[in-house]
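Okay, here's what each chain looks like letter by letter:
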Amino acid sequence: EAQVTQNPRYLITVTGKKLTVTCSQNMNHEYMSWYRQDPGLGLRQIYYSMNVEVTDKGDVPEGYKVSRKEKRNFPLILESPSPNQTSLYFCASSLFLAGIEGIDTQYFGPGTRLTVL
Amino acid sequence: QKEVEQNSGPLSVPEGAIASLNCTYSDRVSQSFFWYRQYSGKSPELIMSIYSNGDKEDGRFTAQLNKASQYVSLLIRDSQPSDSATYLCAVKGIKAAGNKLTFGGGTRVLVKP
Numbered sequence: 001e002a003q004v005t006q007n008p009r010y011l012i013t014v015t016g017k018k019l020t021v022t023c024s025q026n027m028n029h030e031y032m033s034w035y036r037q038d039p040g041l042g043l044r045q046i047y048y049s050m051n052v053e054v055t056d057k058g059d060v061p062e063g064y065k066v067s068r069k070e071k072r073n074f075p076l077i078l079e080s081p082s083p084n085q086t087s088l089y090f091c092a093s094s095l096f097l098a099g100i101e102g103i104d105t106q107y108f109g110p111g112t113r114l115t116v117l
Numbered sequence: 118q119k120e121v122e123q124n125s126g127p128l129s130v131p132e133g134a135i136a137s138l139n140c141t142y143s144d145r146v147s148q149s150f151f152w153y154r155q156y157s158g159k160s161p162e163l164i165m166s167i168y169s170n171g172d173k174e175d176g177r178f179t180a181q182l183n184k185a186s187q188y189v190s191l192l193i194r195d196s197q198p199s200d201s202a203t204y205l206c207a208v209k210g211i212k213a214a215g216n217k218l219t220f221g222g223g224t225r226v227l228v229k230p
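Protein chains in written order, with the numbering used here: chain A, 1 to 117; chain B, 118 to 230.
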């Protein structure tokens, strides 16, 4: 089954304790992205990657790191989490063929609900 | 001005009626447009994508795109209680790096039996 998986699905942690949220896709997609979703602010992009070893900042990258060492995996790293990073996080992936109908659709993982105390 | 704007709702429609959702965008050269449905606490699920002016139908859903007026809409015919969700409009501009999507805030739809 084609899918994007994220782990953990729920995480409660404390300020300053490093954590990693994993994201994996089995569709051989080049493009992967991380979003956070907050009430009243909608979905905002954190980081994205257009292929292995190619990553770039989205709209809200502060406090986050990513890496893309393999095509299927795109982990999100919070080196020193703070309470303002409490949010619902989504990973998404797509083929990297812009503007071609049916090809550039982004598929989302199930989400990770993070609480930083 | 927000890049992608939607009425937050809630849009309340009786079961069996047509729900009409609108979305406007600011980037005149946007090229890809998507409607996602999101149930509370769940991930966005693609309903429709549209790339050319006009209408595109898929089952009970019809997306309409008007690039000159910079709006995209979604019609849900024969609305069912299971259609109660938040509908997200997403736009990809030609200037957007990679496949970056810009999302509207979403319209909450309530279908009442």
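If you are wondering where the hints come from, they were derived from the structure by calculation, not from laboratory data.
Please read all numbers here as calculations on a predicted model, not as lab measurements.
Ideal Cβ placement from N, Cα and C applies to all residues, glycine included.
Don't take every hint at face value.
[Said to hold, decoys possible] Simulated pairs of lysine-lysine, DSS-like, Cα-Cα distance not exceeding 30 Å:
#, chain 1, residue 1, chain 2, residue 2
1, B, K173, B, K119
2, A, K18, B, K217
3, B, K119, A, K69
4, B, K119, B, K217
5, A, K65, B, K217
6, A, K65, B, K173
[As the list claims (entries may be wrong)] A few chain A residues that don't get close to chain B, going by computed Cβ distances all over 10 Å:
#, residue
7, L19
8, S33
9, S80
10, P110
11, R113
[What the hints assert, rightly or not] Taking CB as the label site, the calculated pair distances span:
#, chain 1, residue 1, chain 2, residue 2, range
12, B, S157, A, E62, 21 to 29 Å
13, A, I12, B, E122, 32 to 40 Å
14, A, D38, B, D175, 40 to 48 Å
How the hints compare with the structure:
no.: 1; hint: B:K173 to B:K119; verdict: holds, 26 Å
no.: 2; hint: A:K18 to B:K217; verdict: holds, 27 Å
no.: 3; hint: B:K119 to A:K69; verdict: violated, 35 Å
no.: 4; hint: B:K119 to B:K217; verdict: holds, 16 Å
no.: 5; hint: A:K65 to B:K217; verdict: holds, 18 Å
no.: 6; hint: A:K65 to B:K173; verdict: violated, 39 Å
no.: 7; hint: L19; verdict: holds, 20 Å
no.: 8; hint: S33; verdict: violated, 7 Å
no.: 9; hint: S80; verdict: holds, 26 Å
no.: 10; hint: P110; verdict: violated, 5 Å
no.: 11; hint: R113; verdict: violated, 8 Å
no.: 12; hint: B:S157 to A:E62: 21 to 29 Å; verdict: holds, 28 Å
no.: 13; hint: A:I12 to B:E122: 32 to 40 Å; verdict: holds, 34 Å
no.: 14; hint: A:D38 to B:D175: 40 to 48 Å; verdict: violated, 30 Å
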